[in-house]
Amino acid sequence: MTRAVHHDCDVLIVGSGAGGATTAAVLAEAGHDVLIVEEGSWVEQGSTVPFSLDQMDKQYRSGGVTVALGLPSIAYTEGRCAGGGTEVNSGLYWRPPEATLELWRTKYQIRDFASSDLLDICAEVESELSVQKVPGEHTDASDILRRGADRLGWRNDEIPRWMTYPEGAGATEGQRQSMTRTYLPRAFASGARILCDHRLDKITRSGRRATGAELTHTVDGESSAVTVAFRDVIVCGGAIQTPAILQRTGLRHRVGRTLAVHPTVKLAARFDDPVNTPEDVSVFQVKQFAPNISFGGSASHPGLVALALTDNWRDFGSAVTAWPELAIYYAAITSEGRGLVQAIPGVRDPLVTYRLTKRDRDLLGQGLARLAMVMLEAGAEEVYPSFKQAPIVRDRADLATMTSMFAASKASVMTVHLCSTAPMGDDERRCATDSHGLVHGTDNVFVNDAALLPEAPGVNPQASVMAIAIRNARRYCDERAG
Amino acid sequence: MSERMNDDAVAPTTIDPPDLTIVTGAAGWLGTGLVTALTGAGHAGPYHRPGAVRGLVRPDEDSRHLPEQVELVRGDVTDPDSLDDLFAGHSGTVDVIHTAGVIHPATSMDEFDEVNHRGTANVMDAAHRHGVRRVVHVSSNSPFGTNGDRTDRFGNDEPYHPYLGYGRSKMDAELAVLRAVDAGLNAVMVRPPWFYGPHQPARQTTFFTMVKNGRFPILGDGGQMRSMTYIDNLVQGIVRAELTATDPGQGWWIADAEPYTVNEIVATVGDALRAEGIEVKPNRFRLPDIAGTVAEKIDTVAQAAGRYITQFHVLGEMNKTIAVDISAARRDLGYEPQVALPEGMRNSIRWCLDQGIEL
Amino acid sequence: MSDTGSTPRTVARFAEGLLAADLPLLADDRRHETVEFIGRRVGVLPSITRFGVLAIGAGVDTAGMIVGHHRVRRVITRLPLPLLAEYPRLVRSLGYAYIWETWPDTDVNGASR
Chain L
0 MTRAVHHDCD
10 VLIVGSGAGG
20 ATTAAVLAEA
30 GHDVLIVEEG
40 SWVEQGSTVP
50 FSLDQMDKQY
60 RSGGVTVALG
70 LPSIAYTEGR
80 CAGGGTEVNS
90 GLYWRPPEAT
100 LELWRTKYQI
110 RDFASSDLLD
120 ICAEVESELS
130 VQKVPGEHTD
140 ASDILRRGAD
150 RLGWRNDEIP
160 RWMTYPEGAG
170 ATEGQRQSMT
180 RTYLPRAFAS
190 GARILCDHRL
200 DKITRSGRRA
210 TGAELTHTVD
220 GESSAVTVAF
230 RDVIVCGGAI
240 QTPAILQRTG
250 LRHRVGRTLA
260 VHPTVKLAAR
270 FDDPVNTPED
280 VSVFQVKQFA
290 PNISFGGSAS
300 HPGLVALALT
310 DNWRDFGSAV
320 TAWPELAIYY
330 AAITSEGRGL
340 VQAIPGVRDP
350 LVTYRLTKRD
360 RDLLGQGLAR
370 LAMVMLEAGA
380 EEVYPSFKQA
390 PIVRDRADLA
400 TMTSMFAASK
410 ASVMTVHLCS
420 TAPMGDDERR
430 CATDSHGLVH
440 GTDNVFVNDA
450 ALLPEAPGVN
460 PQASVMAIAI
470 RNARRYCDER
480 AG
Chain W
0 MSERMNDDAV
10 APTTIDPPDL
20 TIVTGAAGWL
30 GTGLVTALTG
40 AGHAGPYHRP
50 GAVRGLVRPD
60 EDSRHLPEQV
70 ELVRGDVTDP
80 DSLDDLFAGH
90 SGTVDVIHTA
100 GVIHPATSMD
110 EFDEVNHRGT
120 ANVMDAAHRH
130 GVRRVVHVSS
140 NSPFGTNGDR
150 TDRFGNDEPY
160 HPYLGYGRSK
170 MDAELAVLRA
180 VDAGLNAVMV
190 RPPWFYGPHQ
200 PARQTTFFTM
210 VKNGRFPILG
220 DGGQMRSMTY
230 IDNLVQGIVR
240 AELTATDPGQ
250 GWWIADAEPY
260 TVNEIVATVG
270 DALRAEGIEV
280 KPNRFRLPDI
290 AGTVAEKIDT
300 VAQAAGRYIT
310 QFHVLGEMNK
320 TIAVDISAAR
330 RDLGYEPQVA
340 LPEGMRNSIR
350 WCLDQGIEL
Chain X
0 MSDTGSTPRT
10 VARFAEGLLA
20 ADLPLLADDR
30 RHETVEFIGR
40 RVGVLPSITR
50 FGVLAIGAGV
60 DTAGMIVGHH
70 RVRRVITRLP
80 LPLLAEYPRL
90 VRSLGYAYIW
100 ETWPDTDVNG
110 ASR
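Protein chains in written order, with numbering that gives the first Met the number 0: chain L, 0 to 481; chain W, 0 to 358; chain X, 0 to 112.
Mixed in with the good hints there might be a few duds.
[As the list claims (entries may be wrong)] Taking lysine to aspartate or glutamate and the EDC-like style, the derived pairs with C-alpha atoms no more than 20 Å apart in a straight line are:
(1) L:Lys357 to W:Asp220
(2) L:Lys57 to L:Glu43
(3) L:Lys286 to W:Asp156
(4) L:Lys357 to W:Asp181
(5) L:Lys409 to X:Glu85
(6) L:Lys106 to L:Glu380
(7) L:Lys286 to L:Glu157
Keep in mind that the hints were calculated from the coordinates and are not lab data.
Sequences and hints are given; from them, build the entire structure.
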């Protein structure tokens, strides 16, 4: 290691995803001297194929192979690049439901949390990110979900995305309006700086005040030490890294105790004709049983089709050669279970665990069966559910076999929506931070990302994260002059 | 049937009643209510129809409680040959309402398959052979299991997830109906969850007695949701399914307007008993949720071994939510339930008292 | 603690054997490339998972040397052993995903169509 490089700033922002990028833009535009540190690299949109293994290597933590241990374990993914998850997710935009915001406000005693104010911020975000529906043709995978749900009379909607399209263009021609194209450039224009490939190891602390940060800069496999001095630090590392960072800083009160996710189970469905669009997902979601259960489309490139068939490769494997005729779909549930994120001294990554309740397990089974029915109605020839020893489903009688064999413990359960590991609110018994993200018991350590959401919102959470982050960042600027 | 059906219960249906209506399981609980309503049994209610009503009654079955207007035919759904007599000596339009079924088998688990599944297949065959106009099969919630969440509601179209032996036999029955439809039979299905009302069998009386004694086992917090169907509502649903022109092969949930919590059910029964001047002890019999799970396991093991123990079966189902959405029946059939739990339970209790049944 | 490790030899040996048995007609160079990919991914697994995989991998490898790799592979791929069964599952998932993403025309026996 060479001698430590040192940086100074007013505000250190840890992470550049939906929380960090918006925070940086708001603070920099208000005149604060902002430094962003990002563990991952800057990867230009378009330089990796969406949902490919190459993208997972470059833009996901651990190549996308991360897991919350439990029975069953739940595979999850985290973005690890400039822009975080916004660079790699499906881009589907959902405002937080008003009733959910209202529940959070009362249950967690969140001050100044009028849902109308947050929805006004959502409107700003929608315009900033060009949130819109597909102007042209939908993919076959989208049409399948819509058709199946329509035949059953189940409510389904096209979900708008943060994408721009050439005039009249189809679903696959969208340009993702991720953080590296929107809020990060805004922050830079107002003087914010970013250090990519800088991993935060530790925040040093003296009593209630954080005093500095120690980082490791890695380039071409060579690591060097970096220090940063700041007035305030805002941790935006996402629902797994944020609590781990706080715990390593000695801040543990209600931190990492209440991980909330939307667990999902999936299936592959085979049709008569080619339906697979490897680089895109369905923009339709079925919300007939929302918020308990939602259905949507998953990435379906041939590698992921093979992955979806491995649960019962002996019976399913031969379908892999027909991958152009297969598409993958998921059933997501709201979960009553909770997980833990626990930093372990001397170990790089935290231990993550999650426990599904009986209700969660039952709901996963019910969701998977209903999803399989949507596929049959849409004309699927064969459905391959992702659990060990699952049968091939060809008709409704097969659904009974499938439901009788299903157990959540045999299923490949996964999630991409992680939140609630440093919940916000004035109720100190429940919450890790105050109503605006200041960590309880500190004077200058803030959280401003998905960790603040007191519960999983029941819909794609990025808009909720951004709206709350902007709200908190503005409050910060009101209280501290730049 | 209650003394008097609500007069506003009937909206127009699209098909005239048939010249002959055949009801299987006529001497059973639902069958009795149904034939009483269809024949008018002395006073013309909204479901009274001019044509003949014929009831299938098992050879050894007590039928003295049935109205005299019902033509009785002795036979058994498990004996295909005996079903031909149902259609004998009649010309004109014929509808069949298939209510015969076993819920709690008396002797062996085989009864489920024999009566519910193969019996249904036999009835469908006979109906098809004899050129029946329309068949209504009375199914159940049990082919569909339980809801994963208390706020979940079964939609009209759901994947099969049969609950143990009964559920499997009722699922197989539905599949037999659907096969008959594919072969050209005009058959539809109604699916009532847990029904209640006059003519109820002894086990429902036990339910009243348990509530009266404050000994009804509430599992967990008692917030599980249950859809229930008052018998008049069910009769309305059956008749509408029969006399509304729809595609064959469809099925509809027929239940009271909204599901109830278990707490609400117990409290309402208590209130209804008190209203009849019966002293009701406060219900303090609460069991941990796990008791239901244990009972379900015992029930599962026992059924796998061919044994059926009613108490464990009922308790095992008690901590589940079984809640349905009736909007499809409203939309397709114009079904509109007229009676909800408080009135329905009072009618039920009065009927028991009128029969001289000790509660 | 090292961030990434080189392909652990125990895991590579197991992956080679598993893929050769699952996909007998997969060309040798493709199999080697796939095994390398699996090794890279195992190397960047989150700490706890990586320790677990390496520990199981070492155990399986040692057992294989004593009673035969083929036999051990049969046992842990067929029996629903908690944790242990996750090991072949992980190796397979990574391997199959890589093979069909890289060579989408691969047949189910590994042959190139």
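* Starting from lysine 286 (chain L), check that the Cα of glutamate 157 (chain L) is at most 20 Å away, please. => holds (11 Å)
* 20 Å Cα cutoff - pair lysine 357 (chain L), aspartate 181 (chain W) -> violated (39 Å)
* Asked: Does the alpha-carbon distance linking lysine 286 (chain L) and aspartate 156 (chain W) stay inside the 20 Å limit?
  -> holds (15 Å)
* Would the pair lysine 357 (chain L) and aspartate 220 (chain W) pass a check requiring their Cα atoms to be no farther apart than 20 Å? -> The hint holds at about 16 Å.
* lysine 106 (chain L) paired with glutamate 380 (chain L) [C-alpha distance capped at 20 Å] -> violated (47 Å)
* Pairwise hint evaluation, glutamate 43 (chain L) against lysine 57 (chain L), where the allowed Cα distance is 20 Å at most -> Between lysine 57 (chain L) and glutamate 43 (chain L) the Cα gap is close to 11 Å, so the pair holds against 20 Å.
* Keeping to a limit of 20 Å between CA atoms, is the pair of lysine 409 (chain L) and glutamate 85 (chain X) held or broken? -> holds (11 Å)
Checked against the numbered hints above, the structure violates hints 4 and 6; every other hint is satisfied.
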